[in-house]
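Put chain H on the given structure of chain Y with help from the hints.
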Amino acid sequence: MKSFVLRLLAAMIGSLRDLAPILLVVLFFQVAVLGQPIEHVGRLTVGVGCVVAGLTFFIVGLEQGLFPVGENMAYEFARKGSVLWLLVFAFALGFGTTVAEPALIAVAAEAAAVAAEGGLIEAGEQARNSYAQGLRLTVALSVGLAIVIGVLRILKGWPIHWIIIGGYVGVVVMTCFAPDEIIGIAYDSGGVTTSTITVPLVTALGVGLASSIRGRNPMVDGFGLIAFASLTPMIFVMGYGMLI
Amino acid sequence: MDALATLTSTLLGTLRDVLPIAAIIFGFQFLVLKRIPPRLPRILAGFAWVVVGLTLFLVGLEWALFPLGKLMAAQLTDPAFIGAGATAAVDWRDYGWVYAFAFLVGFSTTIAEPSLIAVAIKAAEVSGGAVNPWGLRIAVALGVAVGITLGCYRIVVGDPIHWYIIAGYVVVVAQTTLAPRLIVPLAYDSGGVTTSTVTVPLVAALGLGLAQSVPGRNPLIDGFGLIAFASLFPIMAVMAYAWCAEQWGHWQRRRRAGDEPS
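Protein chains in written order, with this note's numbering: chain Y, 1 to 244; chain H, 1 to 262.
For reference, chain Y alone in the conformation it holds in the complex (with noise of 0.2 Å):
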């Protein structure tokens, strides 16, 4: 118990300094450039203790949750030897978690108002609800794809950079033919996708699938899934973005 406490103290410390330059920053904007007494002074203490206090649980969780069942989830599979299910896994953990991702969810909307405005769709609601849903849809199989690649690689030993730099290809290529109004948030969708939950949940199953199987490195291999989920949605968008 007395263990614990400590863990929370320590990590309430660290919270503290994680925050102080965005506060900072604020405050220093706030009273220095443009000029303006600070508001609500209470509201503002509150909420800042609120966030301290949740990045300290949400790091308190992170080791002691999200992390053991990644590596575990890895080691059991590596186990178990069987490359299907493992496969099936990842697709299902990038789509799963991809799919009702709130600032996807943002995103689509916002892409089918531009697809609207460019006259890519017709302008009624129906028909960008459908857009919305349709490119929602793309973009979590594409980041289920690219966990399963990336599974893929850290299984056979691939080197990372050849495939990364083949997906950067991709995108100029796509780049070339895709509509000028959604390359900008083609662009942007890559880096959107991956939460403050999916990351660490895939970084750990990445490092614990390398380090249960015999002559990978974690380093070297363990890392580079989040990469693969970040690129392959803006291939996927501009293809969707020229299909429709």
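You can take every hint at face value.
Straight-line C-alpha distance at most 25 Å; calculated DMTMM-like pairs for lysine to aspartate or glutamate:
| hint | chain 1 | residue 1 | chain 2 | residue 2 |
| --- | --- | --- | --- | --- |
| 1 | H | 34 | Y | 63 |
| 2 | Y | 156 | H | 125 |
| 3 | H | 70 | H | 94 |
| 4 | H | 70 | H | 2 |
| 5 | H | 34 | Y | 76 |
| 6 | H | 70 | Y | 110 |
| 7 | Y | 156 | Y | 76 |
| 8 | H | 70 | Y | 39 |
| 9 | H | 70 | H | 91 |
These aren't lab readings, by the way, just hints derived from the structure by calculation.
Only chain H this time, still in chain Y's reference frame:
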């Protein structure tokens, strides 16, 4: 009452985020692997901590920092503040405070980004301490800061985004051949992890505000792209950091070898 409503809706949102993940994990755990993970209660408690922590984190941000930050982005990009006439041609030098804000917000929100903290912890653990978590986080944050600043400059001058991104890819590929082999996958990963809970809302507000206020820009089309910059530049920053650290190590060793001729 208002606070309570925010709290419950955020809690529900986080739960909706976690539930599919938990269903997939425990579904596979019990149906395919047919094994109960060791120390299951502890792991479940860990999941509960994650849900509670993320909820509090988001509520606090939504309550205290986001309104202030978004308002600030709007005020800084306001033509009245910038002082440029709406009729005059756009001069990118008028937007000095916007670039400063973009740089500082990019840096400070990245330092507070929970998924980057997670990856830094993991990288330090896996590399046996060779990757310094603070070095990694600061390198990534600097990358995001530079990326967002450049992205704002692009919105102001109105260049097409793809030339910047393609040029960035060329630099990344060139750096890949130079950087230490161990760091390359981690560097690629750091591009994707930087932009989530804290960074995206503030940066999106900045981009949208800028695209609205700069004459001749369409917010629907030019407002995007900052996230793409923020996920490309950390890759370069991390590889550059690793390369410098390696060169510094070589130099130190050579100097020591020079001091003690054997």
